[in-house]
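Protein chains in written order, with the working numbering: chain D, 466 to 804; chain R, 466 to 804; chain L, 466 to 804; chain G, 466 to 804.
In case anyone wonders, no lab produced these hints; they're calculated from the structure.
Positions of the beta carbon are idealized from the N, C-alpha and C atoms, including for glycine.
Treat the hints with care, since some could be wrong.
[Claimed, not checked] Facing chain G, from chain L, some residues (calculated, C-beta under 10 Å): (1) 505; (2) 555; (3) 647; (4) 651; (5) 654; (6) 676; (7) 688; (8) 701; (9) 707; (10) 714; (11) 715.
There are 4 protein chains.
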Amino acid sequence: MNFPDVLRDGRLNLRGSCSVCRVCDGTVCSGEVPGMGGKGTGSSFKANVLSLNKYKVNMRTIHDVKDPDTSIHLFGKTLDIPVFAAPVSGTTLNMGGKFTEEEYISWVIKGCLDGGIYPMVGDTAVDSFLIKNLEALKKFDGQGIAIIKPWENKNVIEKIRKAEKAGAFAVGMDIDACGLITLALHGKPVMPKTVEEIKEIVDSTNLPFILKGIMTVDEAKLAVETGADAIVVSNHGGRVLDHTPGVADVLPAIAKAVKGKITILADGGIRNGIDVIKMIALGADAVLIGRPFVMTSFGGQDEGVKIYLDRLKSDIKSAMVLTGCKSIEDIDDRVLYKG
Amino acid sequence: MNFPDVLRDGRLNLRGSCSVCRVCDGTVCSGEVPGMGGKGTGSSFKANVLSLNKYKVNMRTIHDVKDPDTSIHLFGKTLDIPVFAAPVSGTTLNMGGKFTEEEYISWVIKGCLDGGIYPMVGDTAVDSFLIKNLEALKKFDGQGIAIIKPWENKNVIEKIRKAEKAGAFAVGMDIDACGLITLALHGKPVMPKTVEEIKEIVDSTNLPFILKGIMTVDEAKLAVETGADAIVVSNHGGRVLDHTPGVADVLPAIAKAVKGKITILADGGIRNGIDVIKMIALGADAVLIGRPFVMTSFGGQDEGVKIYLDRLKSDIKSAMVLTGCKSIEDIDDRVLYKG
Amino acid sequence: MNFPDVLRDGRLNLRGSCSVCRVCDGTVCSGEVPGMGGKGTGSSFKANVLSLNKYKVNMRTIHDVKDPDTSIHLFGKTLDIPVFAAPVSGTTLNMGGKFTEEEYISWVIKGCLDGGIYPMVGDTAVDSFLIKNLEALKKFDGQGIAIIKPWENKNVIEKIRKAEKAGAFAVGMDIDACGLITLALHGKPVMPKTVEEIKEIVDSTNLPFILKGIMTVDEAKLAVETGADAIVVSNHGGRVLDHTPGVADVLPAIAKAVKGKITILADGGIRNGIDVIKMIALGADAVLIGRPFVMTSFGGQDEGVKIYLDRLKSDIKSAMVLTGCKSIEDIDDRVLYKG
Amino acid sequence: MNFPDVLRDGRLNLRGSCSVCRVCDGTVCSGEVPGMGGKGTGSSFKANVLSLNKYKVNMRTIHDVKDPDTSIHLFGKTLDIPVFAAPVSGTTLNMGGKFTEEEYISWVIKGCLDGGIYPMVGDTAVDSFLIKNLEALKKFDGQGIAIIKPWENKNVIEKIRKAEKAGAFAVGMDIDACGLITLALHGKPVMPKTVEEIKEIVDSTNLPFILKGIMTVDEAKLAVETGADAIVVSNHGGRVLDHTPGVADVLPAIAKAVKGKITILADGGIRNGIDVIKMIALGADAVLIGRPFVMTSFGGQDEGVKIYLDRLKSDIKSAMVLTGCKSIEDIDDRVLYKG
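If we strip away everything but chain D, and leave its shape as in the complex, we get:
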């Protein structure tokens, strides 16, 4: 099995819910929520890709970076490359329904671990989803992170307990899901939260806590106040609010404000090695990648995920050679073309 095979089979197995486009940029699937697209015009999904594309990089070839180190250390773990699989769920609702949630998440978890990185697993209105995700995680010694929706605090804290028992090495909350007001109709309201409410959640666990869904400097500063260990700069893949800027648009100002005070993860539109390097150069400590894990797990199970990660690792390495970066820490804004 090679990468083109994985993509071809992914396209088939996703049954039209995702076209596995040559360039995954939110155009074809615009408005497909449920589905794999961005909300409304799809502009927030597209902005993630476009905002990254706006940055051009300096190609450099006269230097001695012949074998760069792509690894990082975070949350007490070593990652071969500075990448997490983002929490994406809903095989029936969003991915065409050919595979079960358990099949899908097991492939992502195993593929990530085989590929030298760690997965984040997600949560939905149906309680059993998170539980199954945690069961799958437990089979792999809990080598992953659980991301919980912004329910009422006591429910969030209850679910964190379950993640701890499954052995997750970090937990988080995708607070950017707070606009899914239709969940309230099912008696499961999600909601934005004040600093105090988030503090209560952070204080409820000894695990590193990740707050996902920060898109402004003011809220990045509030996130620091909550005591969270990390933020994810994310617009939820463009799936909750149309017409936000792209993650790479807002990342530099956020990094300028809070870099060093809190770990910064970036999530949005990252597809290949140079995208990872750009996000690091713009201020991220590591990145999340979402949709490609759906495509590759649907196309090649855990092997598909592993093949994708091997390619990505090689691509990151090549890009580091061509930009003259010895290590991830060595990546700075010298990489970015200033025009």
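Take the given structure of chain D and dock chains R, L and G to it, following the hints.
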């Protein structure tokens, strides 16, 4: 009946006069006047959508806006959301002719009232149009606004009399129709008007008077001089003059000049909740939406209009949560991403 | 016969040499020289349209311009609208060959005169072309202008003599044809010319002399030195050099430098009424329109041209109402939206 | 055989590996590496074309440049036009495999020499490629340049020896190939190099030495330090790193820094005469053209290449007339439109 059904049937029933595109942005129908498109290259229609799209919004999730209030009070009425149905007419000329003017306008009126907002009804060269529109309005206790074309003053005033009798709670004139010089060939000239001429019209009625078709700061100031209660910043849906800027392009300067001195309505390219919020943030007190009422009434009669409005209300609410706005009055330019 | 008929038949009769696109902007025909397109990537043709489109206009409705005057006086003539038909030739080479040069040019001449404006007729490597064009012009009392290619001076002057005899009321030279170096292979070299060489030509006739093909401020000033009566700001429809700016890009600086010292005509991408008004607002005294005369003469002979001009006249008038311009002289940069 | 025939046959003979698009801009083939496209999204290939297109040129017609001189002198040779054929190889891997490497490169070499310019020939992981290329070159008295990949120094120097024996009049290294880390898997590592390492290579030969793959000002200065005779500003046709700027984006700053200290060649997106002139105006001494030699040799063997070069020569001459440039040295930034 659900929303995709409404759109599918709308597409069928509009018989090619409108393609009910995934994103309604004036591309497919460019030049289709008569029809549902923008004049010439369609650039003024497209500019309405593009000018709104240029503004990006700040997604915020750390706050206590858990249940925002979407309602406003205007012209002595309460609206569930800050939206009016714009005056659009001509089922035969512009909409494929499957339904009569009476059917269409009745559905729009009933759907709006059921959905918690109010309709504006329009006027054309054929006198019977306005009369039928007013008859339809009367059946619903006149719960709407009549917008009259800029005929010679005595004819305008005569028509205002009819609107008053039908019980309309406000009247207006779409002065941006003054470029339809072919109407003069039918002995029904429309024309631009001086401040004095408009004053005469405003003074002829006790109802709130709305001047529709303002696109510059200088004319917004002149509108204040006329004594009108409200302006509609509008390029007539891009249907009278090619190559104007978009409404969202000109709105901020107009709002800066006359906000508080006159009610500001914005009309152009508004499709979903975040578009409404953008227009308010840019200075509008409320907005007009046009083409979607044609699509949804043709697709699902009054029920189609109601389904659209319920979705829109939910979407506005979700967008207010995700931008941290407690109420419509609370929406200001903090919502807008400054880059 | 109505305008859609003219366009439909034009498309058929042009036999694929021109697609008579909904918006004529140089995209479909890019590179088609010979043919009706722009040279190479077609960027210079497209730039003409795009540069005009970049300018947006202020729609105004509160004023007393109820019946604007669209006429101008130039070269001792009165034109109903400030428009000339540009010199375009080559029915066999460029237009699919269905009609003869004589048929085509006669229709353009008659249609223009019937429509209240005047045609320019062109010249090619084959001497008989200009001669036939002049014969056609003579049949209509020479009510037009002859534009001659930049041959060696004695040949240019010889052809001016012929134009005088045909009764043309002005003559000119499209010096922008000087890059057609393949003509030299046929023993008919065209060439750029110095100020002195142009002076000799200007001095050889008592008719008003028009220099067509000025795209820079420095050469506009040189044109004034030559004693010519008018320049045409033109990139030859994008047909001689790829990647020039658009005419509307360079017009304002040229007008600033030489307005009042020489008559300024603008030629490039003008399609409808508001385009004419934009060019005047940017500094032109009148404009040339090219390709639409090919489409409409091929589609409806002289009647097609007349139908087009009637529409254009009505469109100019409507646009003057909607921008508040009493007369062509009254058009200034208040019309242009400043952003 | 005429040029359209060459292109038509090229399209057929390239068997889908290249579509020979109307405008060759990297869109259709994006991601096709192997193949003829740019890496990943193809953005670096596209940036080459787009960066050139951003520059517009001043068309000038009032001057005495009636017969411009298109030739230059470089590396002891006279070139009819300031153009080299870029080193492109891999008929099986990249070009559909219909012709052998020997056939292809012989056609390019002969076509170039017949057309008054010189070819560069390339190198790959398979040693026999360069050897065959050099054999082909030898048949034509070594009238060309050999460009070697950045292997370990001793291997590079060994290959330079072979090029000298074949009679090449200059040699070079495409150091931008250093990111092809998969070559290491075949026991043939390529690598970036320090100034000292490059110096060793430069000092190993008496031939002029060309360093290909410079995209930043800092590395252009380092290139001067190495003692190389020339740099090629190049992103390797966009085939090694996604999201670099275009060559025409970075060329002006590089020229400002090192012009006169080292010969500057530019390679990226050049298709026609005005593109050549733009690159010269931006600071290049001469240019490399790549893909068109593949298309035209596959479409018409050496005759196809010659036909292309004749057209290009004529196009450069016409463009020099229309921009008023007497000679290549005479081309400066007066040619560029400043907006």
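Hint check:
Proximity of residue 505 of chain L to chain G holds as hinted, the smallest CB-CB distance being about 5 Å (cut-off 10 Å). At about 18 Å, the closest approach between the beta carbon of residue 555 of chain L and any beta carbon in chain G exceeds 10 Å, and the interface hint on this residue is violated. Given hint, residue 647 of chain L at the interface with chain G, holds; its Cβ is 7 Å from that chain's nearest Cβ, closer than 10 Å. Hint status for residue 651 of chain L relative to chain G: violated, with the closest Cβ pair at about 14 Å, above 10 Å.
Checking residue 654 of chain L against chain G by beta carbon gives a least distance of about 8 Å; that is within 10 Å, so the hint holds. Interface hint at residue 676 of chain L: satisfied, since its Cβ lies 8 Å from the closest Cβ of chain G, which is below the 10 Å cut-off. Taking 10 Å as the C-beta contact cut-off toward chain G, the hint placing residue 688 of chain L at the interface holds, the least distance being around 7 Å. Evaluation of the residue 701 of chain L hint against chain G yields a held restraint, the C-beta minimum of about 8 Å falling below 10 Å.
With 10 Å as the threshold, the beta carbon of residue 707 of chain L comes within range of chain G, its nearest partner Cβ sitting at about 5 Å, so the hint holds. Evaluation of the residue 714 of chain L hint against chain G yields a held restraint, the C-beta minimum of about 8 Å falling below 10 Å. Because the smallest distance between the Cβ of residue 715 of chain L and any Cβ of chain G comes to about 8 Å, under 10 Å, the interface hint for this residue holds.
Checked against the numbered hints above, the structure violates hints 2, 4; every other hint is satisfied.
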